[in-house]
Every structure is written in structure tokens, then in C-alpha cells.
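Spelled out from the first residue to the last, the chains are:
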Amino acid sequence: MSSVKEITISKQTVPIFAVVILALIFAFGLFLVGYDQGHLFSVVIGEQAYEDLYLHELGHDMRHAAGFPCH
Amino acid sequence: MRQLLFIGIVLVSGFSAGVILGLINFVTTEPFLDRAIELENKANFESGEEKDTPQFRAEYNDYRYWQKSGMVLAGGIFGLGVGSLFGIVFGLSRDVLPGKHHVQKALVLSGLMWFTIFMMPFFKYPANPPTVGEPETVVLRAVLYLSFIAISGFGAVGFYQLYKRLEKNRKFVAFVGYVAFISIAFVLMPSNPDKITAPMDLVNGFRIMSAFSVSLFWFANAIILGSLWQRFQPDARIKFEKH
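Here the protein sequences come in this chain order: A and B. Quick note on the numbering used here: the first sequence kicks off at 107 and runs consecutively. Quick note on the numbering used here: the second sequence kicks off at 5 and runs consecutively.
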């Protein structure tokens with residue numbers, strides 16, 4: 107009588123595609139929370155974004171709380 | 005490796021831990037932020053730059069409401085960012101991390117990354133509440149802070165590579181090497197250029213709460229990622245053998 111045994115093998119490699127995607131998210135997240143002074147919205151609404159600072163103000167309290175420089 | 009599952013686990017872990025950080029901040033850092041911004045207002049009233057009128061208060065309340073309402077969302081985005089870095093390093097190093105359970109492995113890595121890319125930079129450039137920091141120096145301060153994170157992080161990776169190549173006293177050499185390296189960087193890197201004029205009880209209280217909250221983020225991220233990894237095993241190849 108035969109039996110079937112399940113073997114779980116851990117594979118070492120991390121796909122380069124996944125690393126690139128996560129690295130981009132890392133850079134984007136860090137920039138948005140840690141630095142943005144209107145730069146991201148300026149792509150859409152132009153120079154006014156540097157006056158309005160919507161994203162900057164939205165991330166303001168977290169920026170201070172997470173230890174990033176502000177003002 | 006099932007890469008979409010891997011990415012999903014990393015992002016869910018980071019975002020969840022970031023949301024937890026945002027919620028915790030309402031209790032820990034937010035009271036200090038309110039107090040610091042009120043000090044800024046007071047200074048503006050005294051200098052004549054602003055007047056404490058009902059109109060000012062209405063605008064101020066709207067402005068603070070927008071800033072506070074972003075805490076949880078910004079926490080989630082912060083979590084996605086930092087969690088992504090953690091996920092990459094965990095994916096690359098999981099087989100050499102100590103521990104049988106993935107939560108153990110994640111906690112070990114989280115402790116190392118917390119110390120090297122959060123606590124060490126925090127000791128050199130601690131968090132500051134509003135009222136501390138000149139607008140003219142924000143780029144310089146950001147460059148200094150991110151540089152120190154990079155120096156400490158890459159330094160730790162470098163000494164880990166040395167650890168792998170040595171045969172004798174490798175733990176001691178790698179640890180002492182990193183401590184010496186980061187100590188030199190600590191002394192050589194310029195200090196924060198801005199003077200602190202705010203009350204020190206406010207500044208120190210804020211710093212303690214900031215360090216505490218971000219430390220909880222690292223802990224929560226490790227627990228969530230380790231648990232999800234253990235449950236879904238994105239790197240497992242299941243093979244059936246017939247006997």
C-alpha cells in the first residue's frame with residue numbers, strides 16, 4: 107500500500123520584481139510622510155501646491171511624531 | 005516564491021502597523037503637538053504677526069483638524085514605506101535569522117533594524133515638536149537625518165558581511181566594529197543647526213512619546229508580518245512524495 111507524504115521546501119529567492127515594487131513604495135512613502143513640501147501635488151496643480159501644502163499638512167503631525175524634520 | 009502573496013503580506017503588515025502607530029499617536033504625541041502649536045500661536049500674537057480673533061481661531065481649528073485627521077492615513081503610508089523596507093530585508097535574510105517560528109525571526113530582524121535605522125539616528129537627531137526648527141534649515145536637517153539613517157543601516161549591513169566572512173570572534177568583532185563605526189559617525193556628523201527655544205519638558209516629553217510610539221510600530225510590524233508569513237508561507241514549495 108502506498109502513501110503520499112507532503113514535504114514543504116523553503117525557497118531562498120526573493121523575486122526582483124517584488125523587491126523593485128517594494129523599494130518604490132518605500133521611497134514614495136518616505137518622501138510623502140518625511141519630506142514633501144508640495145512637490146507631489148505640484149505635478150497636478152503646479153506652483154500653487156507649494157502654497158497650499160495639502161499633503162504636507164496632512165502628514166504634518168505624523169512627520170513630527172515619526173522623527174522627521176519639519177518647518 | 006509567490007510574489008504577489010509576498011508583496012501583499014508585506015504591505016498589509018506595514019499598513020496595519022502604521023495605522024496602529026497613527027492611533028497610538030493620538031494619545032502619546034498629539035497632546036504635545038497641540039501644546040507646541042499653541043506656543044507658536046502665542047509667539048505670533050506677541051510679535052503682532054497674528055491676532056487672537058474668532059476668525060483666526062476658526063481658521064486655526066480647521067487647519068488643526070486637517071492635520072490631525074491625516075495622522076492615521078499618514079501613519080498607514082509611513083507603515084507602507086518602512087514596512088516595505090522591512091519586508092525586503094526579511095525576505096532576503098529570513099533563512100539566516102535565528103528562530104524556528106517566523107514571528108521570532110521577524111522580531112529579531114525588527115529589533116536590529118529598529119536599533120540601527122531608528123534609535124541610533126534618533127539619538128543623534130531626536131524628534132522635535134513644532135516651535136523647534138527653522139524653515140530655512142529643513143532641507144539640511146532632512147539630509148542630515150536621512151544620511152545618518154543610511155550610514156547606520158549600511159554600516160550594519162557591512163559589519164554583517166564581515167561577520168559572515170570571519171571564522172573566529174566574529175560576533176565580537178562585528179559588534180565592536182559597528183559600535184566604533186557608528187560612534188565615529190556620531191561625532192563627525194554635524195549637529196542639528198537649530199537652537200531649542202521651547203520649554204525642555206515639552207521637548208523631552210515629546211521625544212519620549214515619539215520614540216515609544218515608533219518603537220511600538222516596529223514591534224507590531226514584526227508580529228503581524230511574522231504571523232502572516234507563518235500562516236501563508238509565500239516562500240513554500242509544496243512537494244508530494246509517493247511511498
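No lab work stands behind these hints: they were computed from the structure. Glycine included, every Cβ here is placed at the ideal spot set by N, Cα and C. Check before you lean on any hint, since a few could be wrong.
Claimed, not checked - Just some of the chain A residues that point at chain B, by a computed CB distance under 7 Å:
| hint | residue |
| --- | --- |
| 1 | Val-126 |
| 2 | Phe-132 |
| 3 | Leu-136 |
| 4 | Val-139 |
| 5 | Gly-144 |
| 6 | Val-149 |
| 7 | Gly-152 |
| 8 | Gln-154 |
| 9 | Ala-155 |
| 10 | Glu-163 |
| 11 | Met-168 |
| 12 | Ala-171 |
| 13 | Ala-172 |
| 14 | Gly-173 |
| 15 | Pro-175 |
| 16 | His-177 |
Quick rundown of the hints versus the structure:
no.: 1; hint: Val-126; result: violated, 10 Å
no.: 2; hint: Phe-132; result: holds, 4 Å
no.: 3; hint: Leu-136; result: holds, 5 Å
no.: 4; hint: Val-139; result: holds, 4 Å
no.: 5; hint: Gly-144; result: violated, 13 Å
no.: 6; hint: Val-149; result: violated, 17 Å
no.: 7; hint: Gly-152; result: violated, 21 Å
no.: 8; hint: Gln-154; result: violated, 17 Å
no.: 9; hint: Ala-155; result: violated, 15 Å
no.: 10; hint: Glu-163; result: holds, 5 Å
no.: 11; hint: Met-168; result: holds, 4 Å
no.: 12; hint: Ala-171; result: holds, 4 Å
no.: 13; hint: Ala-172; result: holds, 6 Å
no.: 14; hint: Gly-173; result: holds, 4 Å
no.: 15; hint: Pro-175; result: holds, 4 Å
no.: 16; hint: His-177; result: holds, 5 Å
The structure shown violates the earlier hints numbered 1, 5, 6, 7, 8 and 9.
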